[in-house]
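Asks: Residue strings, one per chain:
Protein chains: 2
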Amino acid sequence: MNLRQLAELLGLSQTTVSRALNGYPEVNRATRERVLKAAEETGYRPNAAAQRLATGRAGSIGLVMPAAPDYYADIHFAEFLSGLGEEAARRDFHFVLMPKKPGEEEDALRWLVASGSVDGIYLAYMQANDPRITLMQSLRIPYLVHGRSIGIEGDYPYLDVDNEAAFRDATNLLLELGHRRIGLLNGPGGVDFTIRRKAGVEAALAAKGLALEADQTRHTAMTDEFGFRGMKELLEQPSPPTAVLCASTVLALGAIRAVNQAGLRLGRDISLIAHDDVLPLLKPEDFSVPLTTTRSSLRAAGVRIGQRLIDRIKGLETGPEQELWKAELIVRNSTGAAPR
Amino acid sequence: MNLRQLAELLGLSQTTVSRALNGYPEVNRATRERVLKAAEETGYRPNAAAQRLATGRAGSIGLVMPAAPDYYADIHFAEFLSGLGEEAARRDFHFVLMPKKPGEEEDALRWLVASGSVDGIYLAYMQANDPRITLMQSLRIPYLVHGRSIGIEGDYPYLDVDNEAAFRDATNLLLELGHRRIGLLNGPGGVDFTIRRKAGVEAALAAKGLALEADQTRHTAMTDEFGFRGMKELLEQPSPPTAVLCASTVLALGAIRAVNQAGLRLGRDISLIAHDDVLPLLKPEDFSVPLTTTRSSLRAAGVRIGQRLIDRIKGLETGPEQELWKAELIVRNSTGAAPR
Numbered sequence: 001m002n003l004r005q006l007a008e009l010l011g012l013s014q015t016t017v018s019r020a021l022n023g024y025p026e027v028n029r030a031t032r033e034r035v036l037k038a039a040e041e042t043g044y045r046p047n048a049a050a051q052r053l054a055t056g057r058a059g060s061i062g063l064v065m066p067a068a069p070d071y072y073a074d075i076h077f078a079e080f081l082s083g084l085g086e087e088a089a090r091r092d093f094h095f096v097l098m099p100k101k102p103g104e105e106e107d108a109l110r111w112l113v114a115s116g117s118v119d120g121i122y123l124a125y126m127q128a129n130d131p132r133i134t135l136m137q138s139l140r141i142p143y144l145v146h147g148r149s150i151g152i153e154g155d156y157p158y159l160d161v162d163n164e165a166a167f168r169d170a171t172n173l174l175l176e177l178g179h180r181r182i183g184l185l186n187g188p189g190g191v192d193f194t195i196r197r198k199a200g201v202e203a204a205l206a207a208k209g210l211a212l213e214a215d216q217t218r219h220t221a222m223t224d225e226f227g228f229r230g231m232k233e234l235l236e237q238p239s240p241p242t243a244v245l246c247a248s249t250v251l252a253l254g255a256i257r258a259v260n261q262a263g264l265r266l267g268r269d270i271s272l273i274a275h276d277d278v279l280p281l282l283k284p285e286d287f288s289v290p291l292t293t294t295r296s297s298l299r300a301a302g303v304r305i306g307q308r309l310i311d312r313i314k315g316l317e318t319g320p321e322q323e324l325w326k327a328e329l330i331v332r333n334s335t336g337a338a339p340r
Numbered sequence: 001m002n003l004r005q006l007a008e009l010l011g012l013s014q015t016t017v018s019r020a021l022n023g024y025p026e027v028n029r030a031t032r033e034r035v036l037k038a039a040e041e042t043g044y045r046p047n048a049a050a051q052r053l054a055t056g057r058a059g060s061i062g063l064v065m066p067a068a069p070d071y072y073a074d075i076h077f078a079e080f081l082s083g084l085g086e087e088a089a090r091r092d093f094h095f096v097l098m099p100k101k102p103g104e105e106e107d108a109l110r111w112l113v114a115s116g117s118v119d120g121i122y123l124a125y126m127q128a129n130d131p132r133i134t135l136m137q138s139l140r141i142p143y144l145v146h147g148r149s150i151g152i153e154g155d156y157p158y159l160d161v162d163n164e165a166a167f168r169d170a171t172n173l174l175l176e177l178g179h180r181r182i183g184l185l186n187g188p189g190g191v192d193f194t195i196r197r198k199a200g201v202e203a204a205l206a207a208k209g210l211a212l213e214a215d216q217t218r219h220t221a222m223t224d225e226f227g228f229r230g231m232k233e234l235l236e237q238p239s240p241p242t243a244v245l246c247a248s249t250v251l252a253l254g255a256i257r258a259v260n261q262a263g264l265r266l267g268r269d270i271s272l273i274a275h276d277d278v279l280p281l282l283k284p285e286d287f288s289v290p291l292t293t294t295r296s297s298l299r300a301a302g303v304r305i306g307q308r309l310i311d312r313i314k315g316l317e318t319g320p321e322q323e324l325w326k327a328e329l330i331v332r333n334s335t336g337a338a339p340r
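Protein chains in written order, with UniProt numbering: chain A, 1 to 340; chain B, 1 to 340.
Certain hints may be false.
The list makes no distinction among identical chains, and a pair is therefore deemed to hold if it is satisfied within one copy or across any two copies.
[Stated by the list, open to error] Below are the DSSO-like pairs computed for lysine-lysine, each with C-alpha atoms no more than 30 angstroms apart in a straight line:
#1 K232 x K283
#2 K37 x K232
#3 K101 x K37
#4 K283 x K326
#5 K283 x K314
#6 K326 x K208
#7 K37 x K208
#8 K283 x K37
#9 K37 x K326
#10 K314 x K232
#11 K208 x K101
#12 K314 x K326
#13 K283 x K208
#14 K208 x K314
It should be emphasised that the hints constitute simulated quantities derived from the structure, not laboratory data. Owing to the predicted nature of the structure, the values given are computational and were not obtained by experimental measurement.
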C-alpha cells in the first residue's frame, strides 16, 4: 500500500492524504480521522523521504547523545533538551537522537546526514580544535554549534555563553573580598567552556600579579561525587584555598558536603561561587547557605538554539550568526571576606 | 546521486557501499574511508527507507517526550534515557524522539508509526485506562510499555516495578515503628504508578484498621519545589503526620527543607521514606540524615527495556512478556520510632 493507492482507496488526492497524515490544519477533522483510520487498517507506512517531498517538511533535528555504561545521566543535557523540545514541539519538529560512546561522535554525525533522516544538526559538548565543526562545514546541511571551539578558525554559527567573562568577574569579586589562594573545580579537561572559564580565572589573577596553581585546580565530570572528592582534596592540602569556583551547581552540591564534613562554615571560613545553569532541581537560593553564582539558563539556550536551527533549516537565518550571552553575577551568602 | 551511481563512481558493489556508510565491520577501514569521503564530496544522501532495505537494519526506537514551556526538565526521564541509550548504542540503534505537549501523545505515536521512521515504540508515563495501549495494539509495530495501566484489560508487554508492594512494605515499617498518622507526597494524579503506590499505603493501613486521610496526601509533579510546598502544608495542619512517604528522592529534597525550616529533626520528630530511582545526583546515603528508601534503578530499567524492545523488533521476543521488578526496602536514619 503506497500513498497513491491509499489516496485512490479513499477517493482523495495524494496531497490531502499526506497532509491529513501529517496533521496539517488545512484538512478538516472528519477527513483527517478517516485518513488515519484507513492508514491504520491497511497498515500503510509511507516512505519517509517521499512523505517529506510530498509535504515539504521533514521537521527533524539530529543530535548525538553521549552514552556508555560508565556515563552518568547528564542533568545539564536533560535541561537543555527540555528547552530544545519546547521549541521543537511548538514548530512541529522532532529529534533523531544517536546515542554514541564519547569519541564516536563523528561517525554518528556522518550517519545522521547520510541517512537522510534529518534536516539539520545540533552540535554540543565542544572540544578545543573540534573536528566536528570542520566536518559539518564540509557536509551540505544546516547546523548550529552550542558553545564554541578554541583553535578552529573561520566562521561558523554558534550560541555560547561568555564563559571567560563570567569567571573573570567571579574571580574579581573574590579578589575584592581579599582572597588570594583561589581554587577551581572545573568541568572535563579539553572541553571548550572549561578552557575559557579557566582562562577567565587566570586573567583576573594575573591582573593582580597572582597565578592559578595547578594543585588548586581539578578537571572532572560535573557530578556531585567529583565535587565532593575535588573539594576534599583541595582542603587536605598544606595551604588550602580560601575560595573556590565551581563549574556547576552540581559540583557545588558535593563540594559543600566536603566543606561541611571538614567543619568549615561556608561564606566565612571558605567562600564558594558556582556557575548556575538554572537547573530547577538545584536552585542556588535554596541551598542552606544560598550560593553566589554566575547565572545563564541552559533551558533558555535550548529554546533559542531550537529557534535558530529551525530558522536555518527553513532558510530564514543564513550566514554564520554568532551569539554570545553574558552570564549574570549574583551575590548571595556563600561569599565573604577572606579569613585573616 | 543515488546509491547505484555512487557505487559505480567508486567501482564497488552497492552492498559494499551501503555497508561502508553504515559502519559494518566487514568493510575494511581504507574502503570505508574512501566511501565516506566520496559520499561527502558528492553530497550523497540516501533514501532512508532504501538504505534500510539494503542493509537490513533501521535501528530506530520511537518515543514521545513531554515538552511544554511550563514543563520542567525531568531528571527521571534523563536517567531512564541514559540506560536506554547505553543499550541502543551497544546494538547500533538510535531514537526518534517526538517532543509533544502532554495530551498530544496519541497523535505523536500515530505520526511516528505513519512516518515509517521507527521500528518499535517505547511507551511511558502511563495513565490509568491509557488509550495509548489500545492504540499500539491496533498498529502493526513492536512496542513495550514502561509501567502498566490500571483498567486496561488484555495482555500487553511491559516492564514495571511492583509499586504497590514497595509502598506497602514501607508503610508496614512505619507502622512497626509506632506511626499512626502517615502522610503521602505522591506523584501526579491519574498516573498508574502513583495509583499503585497509594493503594500500597492504603492496604498496609487498612490491615491495622487505619485509613490514609485525604488531607495527608498530595499529588504533584515530582520536583523539589512541590516537595517543599507539600511537606510545609502537611506540617501546618492541626494534626500533622509523624511519618511521610515520598514518591521520589527529588520530592524528598524539598520535603526535608520544609522539615528543617520547621525546626524538626528528621528521623526523630518526623520520619521519612522516599522512593529511590537511583539518580546519581541524589544519593540517599549522602543526605545529611541518610534516607530510608524503596530502591529500584531507573537506569537499569532503561537498559532492560532497550534489550527487550530491540529483541522484539528483531523477532527474538514474542508474546506479551510481563516483567515485574521488586523494589528493595533499605533502612537508614530518616526513620525512627514515632514520637510519643
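Asks: Against this structure, judge whether each hint is valid.
Replies: Hints, one by one, checked against the model:
1. K232 x K283: both (23 angstroms within a copy, 18 angstroms between copies)
2. K37 x K232: neither (62 angstroms within a copy, 49 angstroms between copies)
3. K101 x K37: between (41 angstroms within a copy, 22 angstroms between copies)
4. K283 x K326: within (20 angstroms within a copy, 33 angstroms between copies)
5. K283 x K314: Close neither inside one copy (37 angstroms) nor across copies (44 angstroms); limit 30 angstroms.
6. K326 x K208: within (24 angstroms within a copy, 59 angstroms between copies)
7. K37 x K208: The answer is neither: 72 angstroms in one copy and 51 angstroms across copies each exceed 30 angstroms.
8. K283 x K37: neither (47 angstroms within a copy, 47 angstroms between copies)
9. K37 x K326: neither (51 angstroms within a copy, 39 angstroms between copies)
10. K314 x K232: neither (50 angstroms within a copy, 49 angstroms between copies)
11. K208 x K101: neither (42 angstroms within a copy, 52 angstroms between copies)
12. K314 x K326: within (28 angstroms within a copy, 49 angstroms between copies)
13. K283 x K208: For K283 and K208, the Cα distance exceeds 30 angstroms both inside one copy (32 angstroms) and across copies (41 angstroms).
14. K208 x K314: Classified as neither; 49 angstroms inside a copy, 64 angstroms across copies.
This entry does not satisfy hints 2, 5, 7, 8, 9, 10, 11, 13 and 14, going by the numbered hints stated previously.
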